[in-house]
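Peer 1: Chain by chain, the residues:
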Amino acid sequence: MPNSALIFAKRSLSLSRIQFVMGIVIASAGILLFNIGKLLTRNVHVLVNGQVALLSVSLMAEGILLSSFPVILLYVYDKNNGVLEYLLSLGWNQEDIFKRYLEAALFLALTIFIYELAVNVAVSVVIGTSVALILSLVVSVVTAALGFAVVSFVTVAMVDFSSLLKQRVGANSPLAYTLGAPIIALTFLLAFILPFFTGVLIELLIAGVVGALSIVLLMLSSRLIRREKMLP
Amino acid sequence: MHALELNNVTSGYNGQAVLHDISFKLNEPSIYVVLGPNGAGKTTMFRTIAGILEPFSGKVLFDDQNITTSDKARTKISYLSQFNAMPEEMTVYNGLKFYSDIEGGSPDKAIDLLDLGQLKNKRFSDLSQGQKKRAAIAKVFLRERDLYLLDEPTANLDPAVSKEIREIILKLSKDKMILYSSHNLYEATDIGTYLILIKNGSVTLFDKISNIKPKQYRVGIKASTDISKIVDAQREGDYFVLNVSSPEEAGLALKKLVENGILVTEMRQLDNQLQELFETPNVNVEKTQKESQQVA
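Here the protein sequences line up with chains S and D, keeping their order.
Each residue of the first sequence is one higher than the last, beginning at 0 in numbering that gives the first Met the number 0.
Each residue of the second sequence is one higher than the last, beginning at 0 in numbering that gives the first Met the number 0.
Bear in mind the hints are in silico, worked out from the structure with no lab data behind them.
Certain hints may be false.
To be verified - Pairs of lysine-lysine, BS3-like flavour, derived with a Cα cap of 25 Å:
hint, chain 1, residue 1, chain 2, residue 2
1, S, K78, D, K170
2, S, K98, D, K71
3, S, K228, D, K58
4, D, K96, S, K78
Input sequences plus hints: build the corresponding full structure.
Peer 2: Have a look at this one:
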């Protein structure tokens with residue numbers, strides 16, 4: 000099916016835009032936090048010493064996670080409405096189906112990341128120092144690593160373990176989402192207690208562990224995703 | 000000629016068998032009505048034939064190709080589930096286009112067939128239940144198939160639309176095989192040629208509907224006067240009810256009434272001939288399945 004990730008991403012936004020918009024808002028807050036100090040002081044060391052850069056990483060990663068949330072809702076919705084069952088009847092296997100949703104989630108995450116990267120780099124170029132540009136790139140790498148690792152983990156875990164599709168009482172989100180939120184919350188905490196470079200290393204380590212976990216779950220998905228899990 | 004064959008199929012969910020050792024073969028274009036009480040295994044059977052569920056044991060073959068392993072065999076089958084399975088955020092046209100991009104076929108043709116022209120630019124979520132069902136049925140006709148699995152296609156539809164759908168299906172059955180599940184005994188006798196009765200996950204009867212004769216017929220008669228002294232009938236509401244063992248016996252009773260100068264304004268069978276099948280305990284499964292293989 001041509002451009003299926005794009006089609007599923009568009010479908011998810013037609014179904015629920017609010018989380019994507021919230022993702023943009025939070026990502027923008029991160030961008031603002033990261034760049035306003037740079038622009039005002041023209042001194043990147045202020046950012047690094049004040050842990051502002053690490054806080055902005057957490058905000059921008061949270062923005063990425065939130066932006067992919069409509070795809071999680073779409074999966075739950077398609078399961079309950081029999082769309083997944085119908086796709087199975089058309090000859091798709093469970094992995095074909097699951098990968099479409101994972102690609103769509105990563106596609107939405109990518110759009111937010113490109114926005115964050117573009118603004119951060121543009122501001123660094125305006126400031127005109129190589130240190131500012133390097134800092135922007137470091138922050139972007141950590142943001143991307145964390146954001147994409149968490150989005151992949153949440154999406155893969157949700158499909159592998161159908162119990163994560165259930166919604167908590169009073170909540171509008173499936174349990175899977177609550178797997179991602181504490182990881183990002185941990186990085187907020189680290190921003191206040193760790194110096195910048197140690198924080199960057201620890202957050203890259205967290206992203207690596209979460210990413211590795213996603214890959215393991217992805218490899219196990221052929222065993223874990225039974226067709227029954229996709230039926231309404 | 001196409002053929003669907005189930006060979007000792009046991010299937011279900013999460014290791015729990017719902018269908019037990021089912022075997023039958025269909026090789027004639029026709030409507031095969033699948034009847035059974037709730038939880039009997041009708042939907043599980045449809046899902047297994049559609050290749051959605053893999054059988055725990057046994058094989059489902061379509062044109063001698065295993066449904067579980069052959070993508071080619073799967074493309075010959077269309078499955079309409081009880082769920083609408085349409086992307087609700089899309090318009091009817093775009094929803095059908097979404098599926099036609101995957102499986103091929105023409106949304107316009109399906110829209111024409113189901114007379115959805117006026118609804119095609121409406122969001123699926125804005126349609127009434129009946130309109131949703133019609134749009135959901137349209138996706139089954141995007142592309143021509145050889146076997147149609149229709150799980151309660153007329154549920155939630157008003158009588159006029161149900162009739163329309165049944166007419167489309169009847170037309171289709173001239174050269175296609177159709178498995179049609181229903182709870183409605185009258186609909187089953189109206190549309191079906193064959194009956195597949197499922198109880199507790201087993202096929203307990205497979206026969207031509209015309210061969211199924213009840214042990215007793217309840218005949219309702221509306222007449223110009225009290226007929227209970229002429230024939231052995233009891234008054235029940237608007238009707239005098241006569242219990243007979245054959246249609247011929249009912250004919251003789253009518254003749255007797257006419258000979259006695261009674262004006263009979265209406266005479267009809269009150270119960271459906273399939274009613275008894277629901278009330279009778281399971282017949283010998285092994286025997287019936289052997290017979291069923293011969294029937295189709």
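Peer 1: Are the hints correct? Go through all of them and say.
Peer 2: Hints versus structure:
Straight-line distance between C-alpha atoms of K78/S and K170/D comes to about 32 Å, which puts the hinted pair past the 25 Å bound. Taken as a hint, the K98/S and K71/D pair is honoured in the structure, with Cα atoms around 22 Å apart against an allowance of 25 Å. For the hint pairing K228/S with K58/D, the CA-to-CA distance comes to about 22 Å; that is within 25 Å, so the pair holds. Under the criterion of a C-alpha separation no larger than 25 Å, the hint pairing K96/D with K78/S is consistent with the structure, at around 19 Å.
When held up to the earlier numbered hints, the structure conflicts with hint 1 and nothing else.
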